[in-house]
Amino acid sequence: METNLLDILWIIVASCLVFIMQAGFAMVESGLTRSKNSINVAIKNLTDLGVSTIFFWIVGFGLMFGSSFKGYVGNSFFLFKAENTWIAAFFLFQAMFCSTSATIVSGAIAERVKYGAYIVATIFLSAVIYPVFGHWVWGGIVPGTGQGWLASLGFVDFAGSTVVHSLGGWVSLAFLLIVGQRSGRFKNDGEIVEISGSNIPMVVLGVLILWFGWFGFNGGSTLSMNNSVASIILKTTLSASAGMICTLAIGWPMLKKPDVTLVMNGALAGLVAITAPVHAVTELQSIIIGAVGGAFMLISSFGLNKLKIDDAVGAIPVHLVAGIWGTLAVGLFGDLSILDTGLSRINQIIIQGAGVLSCGVWAFGLSFIFLKILNAFYPLRIGLKEEIDGLNKSEHGASTEIFDLYTVLHHQASTGDITERAPVEPFTEVGQIAQIYNEVLDKLEENTVEKSDYLNILENVSDGMFLLNNKGEIGKHYSKSLESILEMDQLGGKQLYEILKSYMLDSNMDDLKDFISLAFDVNTRWRHVDRVNPLREIDLYINRGSGDFKTKHLEFDFKRIEKGGEILNLLVLIRDVTDEYELNLEIEKTREKSHVEMELLYKILHVEPNILREFFSYAKKDLVTMNNIFQDSEKSSRERLEQAFRISHGLKGDAELLNLFFISEKAEEIEIMMQKMIKDEFINRDDFIPLTLKFGEIQNTFDKIESLLDKWAGFKIGSGNEKLDKSRYFKDHLVKMTNRLAEKYNKSVNINLEKLSLEKLDESQTKPVQDILVQLLRNSVYHGIESSDTRVNLGKKDTGNISIRMEESEDTLHIVFSDDGAGLNLSKIRDKALLEKIITKEQYDKLSDNIIPRLIFKQGLSTAGGSDSVAGKGVGMPLVNNLIEKLDGSIGIRTKSNVGCQFILKIPIVKNSILRQV
Amino acid sequence: MKLLIVDDSNIMQKAIGKYLKEFNLEIVGYAGNGEEALVMCERYKPEIVTLDITMPKMDGLTCLEKILKLYPETKVLVISALKDSATGLKALKLGAKGFLPKPFTPQDLQEEIEFICGDK
Amino acid sequence: MNESELKAFIKIVTEYFESITGQPAKMGLPFIKDDNTDVFDFTGVIGVSGTRKGAIYLSAPRELLQEFGGYILEGDELQDSELYDLVGEMTNTISGNMREHFGASFFISVPIIVKGKIDDIQLKLNPPVYIIPIEWQFSHCHLAIGLE
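Residue numbers (numbering that gives the first Met the number 0), protein chains in the order written: chain W, 0 to 917; chain F, 0 to 119; chain G, 0 to 147.
Think of the hints as simulated: they come from the structure by calculation, not from any bench. One or more of the hints may lead you astray.
Unchecked claim - No more than 25 angstroms apart at the CA atoms, straight line, and that leaves these computed lysine-lysine pairs for BS3-like:
id: 1; chain 1: F; residue 1: Lys74; chain 2: F; residue 2: Lys44
id: 2; chain 1: W; residue 1: Lys678; chain 2: G; residue 2: Lys25
id: 3; chain 1: F; residue 1: Lys92; chain 2: W; residue 2: Lys470
id: 4; chain 1: F; residue 1: Lys68; chain 2: W; residue 2: Lys500
id: 5; chain 1: F; residue 1: Lys65; chain 2: F; residue 2: Lys44
id: 6; chain 1: F; residue 1: Lys65; chain 2: W; residue 2: Lys475
id: 7; chain 1: G; residue 1: Lys114; chain 2: W; residue 2: Lys551
id: 8; chain 1: W; residue 1: Lys470; chain 2: F; residue 2: Lys65
id: 9; chain 1: F; residue 1: Lys65; chain 2: W; residue 2: Lys500
id: 10; chain 1: F; residue 1: Lys56; chain 2: W; residue 2: Lys493
id: 11; chain 1: W; residue 1: Lys500; chain 2: G; residue 2: Lys52
id: 12; chain 1: F; residue 1: Lys68; chain 2: W; residue 2: Lys512
id: 13; chain 1: G; residue 1: Lys52; chain 2: G; residue 2: Lys10
id: 14; chain 1: F; residue 1: Lys74; chain 2: W; residue 2: Lys470
id: 15; chain 1: F; residue 1: Lys82; chain 2: W; residue 2: Lys500
id: 16; chain 1: G; residue 1: Lys25; chain 2: W; residue 2: Lys675
id: 17; chain 1: G; residue 1: Lys6; chain 2: W; residue 2: Lys678
id: 18; chain 1: F; residue 1: Lys68; chain 2: W; residue 2: Lys493
id: 19; chain 1: G; residue 1: Lys6; chain 2: W; residue 2: Lys675
id: 20; chain 1: W; residue 1: Lys500; chain 2: F; residue 2: Lys89
id: 21; chain 1: W; residue 1: Lys827; chain 2: W; residue 2: Lys840
id: 22; chain 1: G; residue 1: Lys114; chain 2: F; residue 2: Lys56
id: 23; chain 1: F; residue 1: Lys89; chain 2: W; residue 2: Lys549
id: 24; chain 1: W; residue 1: Lys675; chain 2: G; residue 2: Lys52
id: 25; chain 1: F; residue 1: Lys89; chain 2: W; residue 2: Lys512
id: 26; chain 1: W; residue 1: Lys634; chain 2: G; residue 2: Lys25
id: 27; chain 1: F; residue 1: Lys89; chain 2: G; residue 2: Lys25
id: 28; chain 1: W; residue 1: Lys500; chain 2: F; residue 2: Lys20
id: 29; chain 1: G; residue 1: Lys52; chain 2: W; residue 2: Lys588
id: 30; chain 1: W; residue 1: Lys549; chain 2: G; residue 2: Lys52
Claimed, not checked - Some chain W residues close to chain G (C-beta under 7 angstroms, calculated; not the full set):
id: 31; residue: Thr691
id: 32; residue: Phe694
id: 33; residue: Gly695
id: 34; residue: Gln698
Said to hold, decoys possible - Reference excerpt, derived from the structure (chain G facing chain W, CB under 10 angstroms, subset only):
id: 35; residue: Leu5
id: 36; residue: Lys6
id: 37; residue: Ile9
id: 38; residue: Pro29
id: 39; residue: Phe30
id: 40; residue: Ile31
The model shown is predicted, which means the values in this text are computed figures rather than measured ones. Backbone N, C-alpha and C define an ideal beta-carbon position, used for all residues, glycine too.
Starting from the given sequences, assemble the full structure and let the hints guide the process.
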């Protein structure tokens, strides 16, 4: 062959263009598949280029273009050596074609086949299937090698619609039928699950590169830079455009969207279809061929889906189907003179069909058998796990950022553990996403931790704690203790105001409303608001039904929660300080009580405990008696009053005897009240009210003293000397009382008790006798003994004398009470008795001096000028009379003016008392 | 008109019913506490309610508020021993048509009911 | 307790009887509750809280309640069960009316009723407990006030 350098240059340039198509295929295939497989797909494209080139060099080129053995196979040029420039360029060009055919397979079977299996298949394709079939069609291009049998029959495939594209498609089909669909591609009901490509813009660029490469693929197939090259490239482009437009025109309405694959596969189908007839058709025909190619491509891709043949990039519709159509189009449209096969159009068409068929039988049949056998020894397909993980990882151990991100996300989704962070590759988009994702996670984790900490606190804190919004509602999360503090459940969203309303005083509630509105007013300084917190310390009265109230003492503390100058909430803390408060109260009470007790103690300290105890036991009895008198509704009010009056007088005397003034003063107050009431003609019952309150007071005092006495250390019920002691103490107190009364009335009195001993008395008699003596002593000091001056004037000693002695007869005790005073004023007594209506005028006139003294025992008769605690109420002597009656005794009076007065008590000796003494 | 009597005392329920016998009122029920009263209000939709305050479970003032929230047209006469003006004031503020302190005579009650019914 | 408070209670009770029955009631002589103080057949106790703390009870014999209830129900006979009810209502009315004196912060509970002698009632009473006997229509009852 003549060496024309321009032709060689063109073949080299075309080879470069076809080479570039490898890049186009790589981009289309990896762009249309998922990123987890993208590396695998891309690397297959590169691998098949290298592998196919080597095997095409070893054996392929020889089989294809070597000297023909009967038109079936070439048998020279193995381990190719370039004998001249042209053949070197030609080899290069043909090697690129072979690689192209191999590459078609990689796209179709993407995402499921082992890398190794693909390499084996590529070797088989480039070493056997492609070159043998290629020989049939193109054998004899190298001068002197002899034509292939299909070529001799008149089969025309200008640039390889069948030889390159269909053949690749057939092998793909065989491969797909053996390895099957990708997992999840079709649902059980046959519905298609779209698997979206990872990078469509790259696919588009890939298509553009393929289109560009096709200029070399078709244009270079002239193998010389002749007049037809430009027209071939033009028609190639027209067909591609027509394929694209037609597919779009049909597919858009059908799919209701301009699917990306329509545009790109449409263009590719147009390119594949025009490859065979491009040199022998017109521009218009090439447009038709492209358009119909696009249509067949579209229809066949629907058909494949129906058959559930999962072609990952549409290689079969584009390369096989459009390739078949292009091959047939040679017969249909080809200019017979250019084809120059000498066949009629019909025969040409038949031969074209035969070519297509023989390709199918050869390429599909042989590869199917081969792959089936291979599959039996070495499974072509990867495992499910590897498929799910993606071939990048499972086949190559290679990873992409997005895969790593995916792995982290998957781990987090399945374990719920969000502590792991996505790997960050700062220079990639996915890396940046990962970085932001990590930031989101940080924030989320922080918030989640914060929230769970917060809820944990709420669960365990003993205070009531919650957020209050500006509507006065309690927030959704509040401390568990709040429910027990407020004794109410389900507090979230409830109005604080409503809850507190039933527990609180109204005045506080109004303040609370004002306070909350102030607290949410940004214009008010918090320090001011905080100062007027109406709930700082507050009592809640909780009605628990069944008649008891629980008083809770609570402290409320409010804090503003602000953000960006806005008050979001109030944080409210409620402390239940009831226990502390009550303890303090108790301590305060105890302190007060001990203070009162100490005071009481000072007041009673001077009294011997036994005496004191005796006094109080009597005094309490007196009080109960008085209370009982009032309770007794049988008697008239006046009777009851008089009865009570006498008792109170006795009580007062006893208290005075022991110098217990704080008691005698109260008894005095009661006496005055009662006296006033008795004096009135009608007894007003309302007047009993203050009297009762007074009783209440005294009883309170008594209760206190009683508890005090119980506490008094060393307070024991007496020994054998009890009586003796008692007698001595009584006498002591009589002396003290005399001195006190004398001092009070400015008199000088001496009392002689040497011959008085109370031991002789029975226990039951002691108290009445004591009471009688106290009354007599009181009377004597007040009425009997004159002042020192008077006594001196009367020629008496300035000091008056009182003596009490006791004598014993057979069965009677005689107690003689004498004074050397003025004696009874008989006329005064008589007058007073008349005045008080104790005696009538008639009686008044007739009364003898013997009888008059007995009048002093009548109630209400007192000759004293005014009344004070000692005398003047006319109650002392009637009390004496009562007591004597009680003792079953008698009393005699001897009196002599200015000489003195004597009372002689006669009391029966109680028998068992004597026995006991014996 | 339909009348509901709410009082925790049976005697008072009876008495109120009795005192209002001459009125053309249909007594739809007697309730002994606020919760019961609410249920009966829902069931019978009474036009007039006499309502005690101190009751177990739900007190009268709370009940008053709830009744009027559901049926604002209801004429409620609060009858309570809580004689202080603040309680009466609160009842009226919450929307009661009248406030009658206990103890009351039949005449007191009748006048009060007449007044409320006349108040259209 | 002071005089005016005690008087206010008495006024409420006596007026209560008179306003319902037209028959005047009279206060007997008040006294301090002690261990000997009896209660009548039925006793209504009301717990008090707020400005005052403690309890109040009204204790009345069957006959008095029968008669008083007869006035309220315009002559109807009262069942035994209704006597409980009545003594509770009476206690409630009396203590409720006390709000006029003590103000709205004088909280009173729903009454509990005790038949016969019960020591429990003493638990809530704050001593000294003042007993105000009431004489009405030949029978007696009494009001006990045990407030702080």
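Hint check:
1. F:Lys74 / F:Lys44: Cα-Cα ~11 angstroms, so holds.
2. W:Lys678 / G:Lys25: 22 angstroms, holds
3. F:Lys92 / W:Lys470: Satisfied, since the Cα-Cα distance of roughly 21 angstroms is no more than 25 angstroms.
4. F:Lys68 / W:Lys500: Given that 25 angstroms is the threshold and the Cα spacing comes to 18 angstroms, the pair holds.
5. F:Lys65 / F:Lys44: 13 angstroms, holds
6. F:Lys65 / W:Lys475: OK: Lys65 of chain F and Lys475 of chain W at ~24 angstroms, within 25 angstroms.
7. G:Lys114 / W:Lys551: Roughly 31 angstroms between the alpha carbons, so the hint for Lys114 of chain G and Lys551 of chain W is violated.
8. W:Lys470 / F:Lys65: The hint holds at about 20 angstroms.
9. F:Lys65 / W:Lys500: 15 angstroms, holds
10. F:Lys56 / W:Lys493: 19 angstroms, holds
11. W:Lys500 / G:Lys52: Measuring from Cα to Cα gives roughly 20 angstroms; hence the hint holds.
12. F:Lys68 / W:Lys512: Holds. Lys68 of chain F to Lys512 of chain W sits at ~21 angstroms (cutoff 25 angstroms).
13. G:Lys52 / G:Lys10: The hint holds at about 21 angstroms.
14. F:Lys74 / W:Lys470: 30 angstroms, violated
15. F:Lys82 / W:Lys500: 19 angstroms, holds
16. G:Lys25 / W:Lys675: Holds, at about 22 angstroms.
17. G:Lys6 / W:Lys678: 23 angstroms, holds
18. F:Lys68 / W:Lys493: Holds. Lys68 of chain F to Lys493 of chain W sits at ~17 angstroms (cutoff 25 angstroms).
19. G:Lys6 / W:Lys675: 20 angstroms, holds
20. W:Lys500 / F:Lys89: Holds. Lys500 of chain W to Lys89 of chain F sits at ~12 angstroms (cutoff 25 angstroms).
21. W:Lys827 / W:Lys840: 15 angstroms, holds
22. G:Lys114 / F:Lys56: Roughly 23 angstroms between the alpha carbons, so the hint for Lys114 of chain G and Lys56 of chain F holds.
23. F:Lys89 / W:Lys549: Holds: Lys89 of chain F and Lys549 of chain W sit about 24 angstroms apart, inside 25 angstroms.
24. W:Lys675 / G:Lys52: Since the Cα atoms of Lys675 of chain W and Lys52 of chain G sit roughly 34 angstroms apart, the hinted pair is violated (cutoff 25 angstroms).
25. F:Lys89 / W:Lys512: Holds, at about 16 angstroms.
26. W:Lys634 / G:Lys25: 16 angstroms, holds
27. F:Lys89 / G:Lys25: It is violated: about 34 angstroms lies between the C-alpha atoms, which goes past 25 angstroms.
28. W:Lys500 / F:Lys20: Status violated; Cα separation ~37 angstroms.
29. G:Lys52 / W:Lys588: The hint holds at about 16 angstroms.
30. W:Lys549 / G:Lys52: Measuring from Cα to Cα gives roughly 10 angstroms; hence the hint holds.
31. Thr691: The hint holds - Thr691 of chain W has a Cβ within 7 angstroms of chain G, the shortest such distance being about 4 angstroms.
32. Phe694: Holds - the Cβ of Phe694 of chain W comes within 7 angstroms of chain G, reaching about 5 angstroms at its closest.
33. Gly695: 4 angstroms, holds
34. Gln698: The hint holds - Gln698 of chain W has a Cβ within 7 angstroms of chain G, the shortest such distance being about 6 angstroms.
35. Leu5: 5 angstroms, holds
36. Lys6: With Cβ-Cβ at 6 angstroms, under 10 angstroms, it holds.
37. Ile9: With a closest approach of 7 angstroms, the Ile9 of chain G hint holds.
38. Pro29: Since the shortest Cβ distance to chain W is 4 angstroms, the answer is holds.
39. Phe30: This hint holds: Phe30 of chain G lies near chain W, its Cβ roughly 4 angstroms from the closest one there, short of 10 angstroms.
40. Ile31: With a minimum Cβ separation of about 5 angstroms from chain W (threshold 10 angstroms), the hint on Ile31 of chain G holds.
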